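Colleague: Which chain is which? The protein sequence lines are W and C, in order. Each residue of the first sequence is one higher than the last, beginning at 1 in full-length UniProt numbering. Each residue of the second sequence is one higher than the last, beginning at 1 in full-length UniProt numbering.
Treat the hints with care, as some may be off.
Given that identical chains are not distinguished, each listed pair holds provided it fits within a single copy or across any two copies.
What the hints assert, rightly or not - Straight-line alpha carbon distances no greater than 30 angstroms define the calculated DSSO-like cross-link-like pairs of lysine-lysine that follow: (1) K27 with K65; (2) K645 with K218; (3) K263 with K243; (4) K243 with K649; (5) K532 with K495; (6) K74 with K631; (7) K220 with K649; (8) K629 with K65; (9) K38 with K232; (10) K232 with K645; (11) K65 with K631; (12) K694 with K220; (13) K139 with K249; (14) K38 with K489; (15) K649 with K88; (16) K532 with K694; (17) K249 with K685.
Bear in mind the hints are in silico, worked out from the structure with no lab data behind them. Keep in mind the model is a prediction, meaning the values are calculated, not measured.
Protein chains: 2
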Amino acid sequence: MRLFVLFLLSIISLNTFADDGYRLWLKYDRIQNEALRKTYAQKLATVSINFSDETSKVTLSELEKASLGLLGVKTKLVGSNASLVLKKEILTDKNSEAFEIKSTKNQIVISGNTSKGVLYGVFELIRRIQTSESLENLKIASSPKIQLRMLNHWDNNNGTIERGYAGMSMWKWYELPERIDTRYIDYARANASIGINGTVLNNVNASARFITAEYLGKVKALADVFRPYGIKVFLSVNFASPKILGGLKTADPLDPEVKQWWKNKADEVYKLIPDFGGFVVKANSEGEPGPMDFGRTHKDGANMLAEAMAPHNGLIIWRAFVYNFDPKGDRFAAAYNEFKKFDGEFLPNIIIQVKNGPIDFQVREPISPLFGAMEKTPVSMEFQLTQEYLGWATHWVYEGPMFEEVLKTDTFAKGAGSTVAKVIDGQLFKYPLTSMIGVANTGSDRNWTGHPMAQANWYTLGRMAWNPEITSEKIADEWVKMTFQSDKKSTETIKKIMMESREIYTNYTNPLGVHHVMGESHHFGPEPWVEKAPRPDWTALYYHRADTVGIGFDRTEKGSNSLAQYHLGLRSKYSDINTIQPEFLLWFHHAPWRHKLQNGRTVWDEMVTRYYEGVKSVENMQRQWASIKGKIDSETFENVEARLKTQHKEALWWRDASVVYFQKYSKMPVPSPYQKPARTFEELKSLVDVYHVK
Amino acid sequence: MRLFVLFLLSIISLNTFADDGYRLWLKYDRIQNEALRKTYAQKLATVSINFSDETSKVTLSELEKASLGLLGVKTKLVGSNASLVLKKEILTDKNSEAFEIKSTKNQIVISGNTSKGVLYGVFELIRRIQTSESLENLKIASSPKIQLRMLNHWDNNNGTIERGYAGMSMWKWYELPERIDTRYIDYARANASIGINGTVLNNVNASARFITAEYLGKVKALADVFRPYGIKVFLSVNFASPKILGGLKTADPLDPEVKQWWKNKADEVYKLIPDFGGFVVKANSEGEPGPMDFGRTHKDGANMLAEAMAPHNGLIIWRAFVYNFDPKGDRFAAAYNEFKKFDGEFLPNIIIQVKNGPIDFQVREPISPLFGAMEKTPVSMEFQLTQEYLGWATHWVYEGPMFEEVLKTDTFAKGAGSTVAKVIDGQLFKYPLTSMIGVANTGSDRNWTGHPMAQANWYTLGRMAWNPEITSEKIADEWVKMTFQSDKKSTETIKKIMMESREIYTNYTNPLGVHHVMGESHHFGPEPWVEKAPRPDWTALYYHRADTVGIGFDRTEKGSNSLAQYHLGLRSKYSDINTIQPEFLLWFHHAPWRHKLQNGRTVWDEMVTRYYEGVKSVENMQRQWASIKGKIDSETFENVEARLKTQHKEALWWRDASVVYFQKYSKMPVPSPYQKPARTFEELKSLVDVYHVK
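Pulled out of the complex, with its shape left as it was, chain W reads as follows (with noise of 0.2 angstroms):
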């Protein structure tokens, strides 16, 4: 018996050190700390709930297996006198996902409005188990301050994903209707966790087979599973579906024809789904179809499917995303040219959703001047869990920073203090709908995200959805301890490194501002050389604009201008070349090279020194992983120490392509203590030459 226990017992630490990273945060390994331990068992040894529906099921089940987990126990279901209670009550927050959670010394109440304000309850109540906290005289009561918290994924109807890093699509459409992945609910799960109850389950490069009968049969059996967990699907819709699917001659948005069509897809949608979250579209945009195509406009593209979607609930969810080709132009602008002039001429179950910077995603962007410029019509934050930019899933980037960034930026659209949350989550302009999304970073990957730091990513997205206003080290917090249970200085070298990586990342490959120098369209690596490519704003040159004289894209007055689409406010804090925050220095200048900085520096040296810094700071990060070696499970450590590798490689690489390149321009030398990149420009090239090899 005793060896048969000690077999056991090197199962079970198999099961606690070697971690596939499934579990994401709701890892739910046993608690270490024994009395810690038995304080939450006792909390939790029943549980009584006063509603019997798909989500208590879930709610309950959810419960059952994190306090088997991480207190061995198994909670029981009582009629009465739980030490657990879990109600739906009115709440004095009507929010219908609100909750709350009270307790006294023998009994914690976890109560919402709705069944699914109670799960989120359930889910906060586990989160701070995790977290190690008091349950001690608790009185929380939290709504979400954003309505809809979602993930577009970029998926095609091949199984790949856009700009996806980690596996092929989640969605195994060749299996569904009849067969659900077990990953569904895990799914759904983790987005329940942290509020997440949207999602969009395909490309907006979108492919028309998806509102298919046949294929709307598939979604309906993924709606069904994500209901329970409060999680709404959406579709990306082609806009030329009329024509695609319906046999018509057009998709003309003011065509009789296209607009019934469009009506009776919505009803065949609906008669399936009734819940069904509505449709998000991409039109005139890179190549997708539009409204423009029929000399219409996007205001009449999205009315008309708006006016299909209406008697249903349902939402139209059209992207600002678009750029027109002008060789002259400055793409920065162009959304907002495209859509300020429509604003308060959109149905109200539209919302316009807005990536958060003005041109795609690069590791550092001013905000879209759109944030602050559309006062009657609900704009959304568009976020990008998914490193297009960031590098892929090598490269260690924690967002958190990034979204606060944009989230705390003051937009002054109604005088000092108008923040971008506040833009979001209502509060300056009454928004009657307010949205945020991530585009999701997840994929078949066994662990979801490739990078299994960048789990975190997709757990800021939910928890700022939730609460814009928080901070992304609170979120690290969180997430390091949810996700590592691992001792307090392992935790905090796990957070350091989180919170210094975004702008590491950003040192390397994109100091000061530089923008959109990556591989072409590929997006892989440094390629600042790309002088030309399908369209003059997919080079590099078009956005650094580096010349003898110096480097950097002016859009003050002398410029393009785009500033001028800012209010005063944030337009002067980046007007003047001398007093700009440096890190955005050449997103709006195009600065001489041998122009110093505060700090004393050229423009040049400034540069390379980022350059350098960042590589070193990878090399400091691998120091510090490689402290907390045995204090996490071994799978983890040795993937991240691979990745970290190879991340440094890439800098490495990042640093010598750029430095090579822009000296081109500069002439100046690399500034001492740094030593000039042993490679040739040719050797440079060739390496990211390899990856445009078809």
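Got chain W sorted already, so can you dock chain C onto it with the hints?
Modeller: This is chain C only, laid out in the frame that chain W set:
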């Protein structure tokens, strides 16, 4: 303590009863029969080994894993008097991969000429334990009948797999060489356990990227992982690489610069990977570049590459899958016409890789006439494990009986008994090189193959390549026992379904030798009405040739006369419409709808009967499967149960589409007792059309 043990037990039972399929046939769950377990445990109590290298490490590690899992004991490594002795020694059989297993009352001795032989012997021992066989008085001597036993991965550089239905490529190119995914090791273990000793990492439609210095470094990392398991790495190459990568003006195989480029490339490859296997080439086939682009021949191309590889003992595996654009011709005859003429003119390090049938991996094909035709050139068997035409990952098709049918087919090349197996294993023509390959069905899916039952096809390839005369039933028996470790009744039930599955699939999709009637291009579902495609031989009509008279492709002397490519003995089995086995009828004859088969039914009635009986057989599969509920782990049970539902839905689709379409030509009624399909042609056509929507 008791509670704790109970809890631990609950974890164990979870481990045992929910199986995600990752462990494949190396499941190693505890053997339930205690007496048996103890007997085995005694035999494996102590182990000694007389050599130490990378292979010995993995051999001992596997032994430990198996012993701990199956028997619950940790084998103890001792210096002498071990119960299990592993040793390198010179065997009677000089084959470098041979092994012997001999057992006396107190000792089992596994010996090999090389450490690889010992590894194979250990896997044989484990298999015998997994299948509950006696280890008493063993006198086993085994060596592979085929030298190169290989998987071909059709994996692209973007991570997709051409015709893959189990997720993405397992090779994480952007993480390599720094990060070694644990799956690489488990892949190697699985292959070694069934004797697979080669792997082609990338698609035959080859990107030149794989032979850049950058990618060769990544390939080396994989080769290093696989080497201890006796697996050599191969790459598919793009024939135009000297132009694409080398910047040469031509890829003409007779051009001195081109020759030199390939010599240099071969040197570069072997400097990194001294035991690199060789290059696989798909040339002048389906748009791939090749020597004929420069007015040269397959012989010229293959020999040029073979010269470059010869100094390193590298192989060139040249695929015979070619067919010219000839609307009047018969694609059936293309490979023979192109390659037979060069027999004897290929350099000795060349293997011609031939698909089992003359067309393209249809569910039943007569053998390629090249088997038995190439007397002086080694030909390799290419089977397809991925179920491109066999129902993807939702239809359960055990391919063993198909492979067996092919291998047992008599070519009559040297009179009766000249089976394909004897061609392939080199007996018949004394080939100095022998090879059998399977186009892999593996991917990043957790269970490797999508359909849990498709793992059996991978297993079969290895076992049949080791011994092409083993029966598919014996293999099924091994695989089911190893994979499910269930009771006798369940084992027999699963085997029975497996053994019938391919004929069932044939019946509801391609009865009587119908072929190539699947969805155009995507190859999903039925689309026998395809009459137009980029090439006539990509239509369905080209193959079934249905008209008001009859159906089938006349390949007798009255038709294309492709039958003449077979030796007389085989030809005469197919040439007479009255004596041909009905399963091959429409491969060789345009049979009148009213032609009577030997069972008295007309061709039409027999076709319809098979479509309907095929569907009913799926229902029977479902019933049989349902009968083992609770006898195998629930996750696999439910997974297969759901896939069988999809299979049934699609079987009905195939049946109805085929019957409704062909009835347009036959104008004959659906024979009783079968009911005419309720769906219209338009309804059925729209189903496949969905999958043509981009």
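Colleague: Does each hint hold? Answer for all of them.
Modeller: Results of checking the hints against the structure:
In this assembly of identical chains, K27 and K65 lie within 30 angstroms of each other by CA distance both inside one copy and across copies; the values are 10 angstroms within and 26 angstroms between. For the homomeric pair K645 and K218, the shortest alpha-carbon distance between copies (14 angstroms) is at most 30 angstroms, but the shortest distance inside one copy (41 angstroms) is not. For the homomeric pair K263 and K243, the shortest alpha-carbon distance inside one copy (15 angstroms) is at most 30 angstroms, but the shortest distance between copies (54 angstroms) is not. With identical chains, the CA atoms of K243 and K649 are at most 30 angstroms apart between copies only, with a shortest distance of 29 angstroms across copies and 49 angstroms within one.
In this homomeric assembly, K532 and K495 never come within 30 angstroms of each other (Cα to Cα): the closest approach is 41 angstroms inside a single copy and 60 angstroms across copies. For the homomeric pair K74 and K631, the shortest alpha-carbon distances inside one copy (28 angstroms) and between copies (27 angstroms) are both at most 30 angstroms. For the identical chains of this complex, K220 and K649 are inter-copy neighbours only, at 17 angstroms across copies versus 45 angstroms inside a copy, given an alpha-carbon limit of 30 angstroms. For the homomeric pair K629 and K65, the shortest alpha-carbon distances inside one copy (28 angstroms) and between copies (25 angstroms) are both at most 30 angstroms.
Taking the closest pair of Cα atoms, K38 and K232 never come within 30 angstroms of each other, the shortest separation being 37 angstroms inside a single copy and 54 angstroms across copies. Proximity of K232 and K645 under a CA criterion of 30 angstroms is satisfied inter-copy only: 26 angstroms between copies versus 40 angstroms inside one chain copy. Taking the shortest Cα distances, K65 and K631 sit within 30 angstroms of each other both inside one copy (24 angstroms) and across copies (25 angstroms). For the homomeric pair K694 and K220, the shortest alpha-carbon distance between copies (21 angstroms) is at most 30 angstroms, but the shortest distance inside one copy (37 angstroms) is not.
Proximity of K139 and K249 under a CA criterion of 30 angstroms is satisfied in neither setting, with 61 angstroms inside one chain copy and 76 angstroms between copies. Taking the closest pair of Cα atoms, K38 and K489 come within 30 angstroms of each other only inside a single copy of the chain (24 angstroms); across copies the shortest separation is 46 angstroms, beyond that limit. In this assembly of identical chains, the alpha carbons of K649 and K88 never lie at most 30 angstroms apart, being 54 angstroms within a copy and 42 angstroms across copies at closest. Taking identical chains as interchangeable, the C-alpha atoms of K532 and K694 lie at most 30 angstroms apart whether they share a chain (18 angstroms) or sit on different chains (29 angstroms).
Within a single copy, K249 and K685 get their C-alpha atoms only as close as 47 angstroms, which misses the 30 angstroms cut-off; across copies the closest is 21 angstroms, which meets it.
In this structure, the hints that do not hold are numbers 5, 9, 13, 15, in rising order.
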